Amino acid sequence: MLEPLLGSTNAERVLIFIYSRDEGYVREIARFFNSDPDSIQKQLKRLESGGVLVSKTAGKTRLYSFNPRYPFLKELMMLLEKALQFYTDEEREKLLMNRRRPRRGGKPYEID
Amino acid sequence: MKSINKITSLELAAFIQDHLKAKGIDVILSGGTCVTFYSNNTYVSMDLDLIDISFTKKRDIREAMREIGFIEEGRYFVHPETKFFVEFPPGPLAVGEEPVRKINEIKQSTGILRIISPTDCVKDRLAGYYHWKDLQCLEQAVLVATHTKINLKEVETWSKKEGMEDKFEDFIDKLSNKEL
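Order-wise, the sequence lines are chains A and B.
Quick note on the working numbering: the first sequence kicks off at 1 and runs consecutively.
Quick note on the working numbering: the second sequence kicks off at 113 and runs consecutively.
Calculated directly from the structure, the hints in this document are not laboratory data.
These numbers were taken from a predicted model, which means no experiment stands behind them.
Please note that the accuracy of each hint is not assured.
Claimed, not checked - Taking lysine-lysine pairs in the DSBU-like style, the calculated list, with each CA pair at most 30 Å apart, reads:
| id | chain 1 | residue 1 | chain 2 | residue 2 |
| --- | --- | --- | --- | --- |
| 1 | B | K245 | A | K56 |
| 2 | A | K42 | A | K56 |
| 3 | B | K135 | A | K45 |
| 4 | B | K261 | B | K245 |
| 5 | B | K169 | A | K45 |
| 6 | A | K45 | B | K219 |
| 7 | B | K219 | B | K169 |
| 8 | B | K273 | B | K219 |
| 9 | A | K56 | B | K272 |
| 10 | B | K133 | B | K219 |
| 11 | B | K245 | B | K219 |
| 12 | B | K290 | A | K82 |
| 13 | B | K195 | A | K74 |
| 14 | A | K60 | A | K82 |
| 15 | B | K273 | B | K195 |
| 16 | A | K56 | B | K265 |
| 17 | B | K261 | A | K42 |
| 18 | B | K133 | B | K195 |
| 19 | A | K60 | B | K245 |
| 20 | B | K290 | B | K261 |
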């Protein structure tokens, strides 16, 4: 949907996923969209080096979220909100179903 | 010119800015080194944040920096003869949602230092406090405001626009305690 603007389907996937769930990591996003983890990682890194996203590590996982200091954040959020309205009900529901249940102790994180 | 291992962070910034400007690359000093300048060296940052406002390709910056002995290592550019390191954070030059318009030009022995204003420096540090809860950034904002004249009203208006009136009060409290 935003691919003509962003120049990449995976860039849209990354942004719409993080917009819907507040944060995300490579394998989670790649699995959700059934896309190539390397391509997702490339977009995450590109958006991070451009100041749109920031990342932090949680165990062995690098979690990405929006950079609250990105000057166009408010406008980007509005654009993503609008784009999300054009997704099917099913897609939107899946995206917004943010089930961040507690992890069992000792269960390893996936390595990105 | 003094050798690179003897110059201050501000002289180094001016030297790099002049070198890049000659190549059509316009960079403005932002971040912690501005605190060094506006706090009369009370706080010293090792990290020079230069924001490229001419939207140059990274490759061209890398090449221009290589000419003066800086090598890219991860996010930073380092030089074997100085402990200071240089970063080119992504633009645009902004504090929060607001573009930075006022640039101060200050002559150094190595070139012209182009730096954001003390008021924007305070906003820049406060943005770190507001969004990252970084208390060091709050301290730095207070340092600048106690050493240099700033437009407090403008900082207040900006803070309101950022939706951070409550946190602006933290800054005012700290500033009042410092000034007592």
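Hints broken by the structure, by number, lowest first? Of the numbered hints given earlier, those the structure breaks are 6, 8, 11, 12, 13, 14, 15, 16 and 17, listed in rising order.
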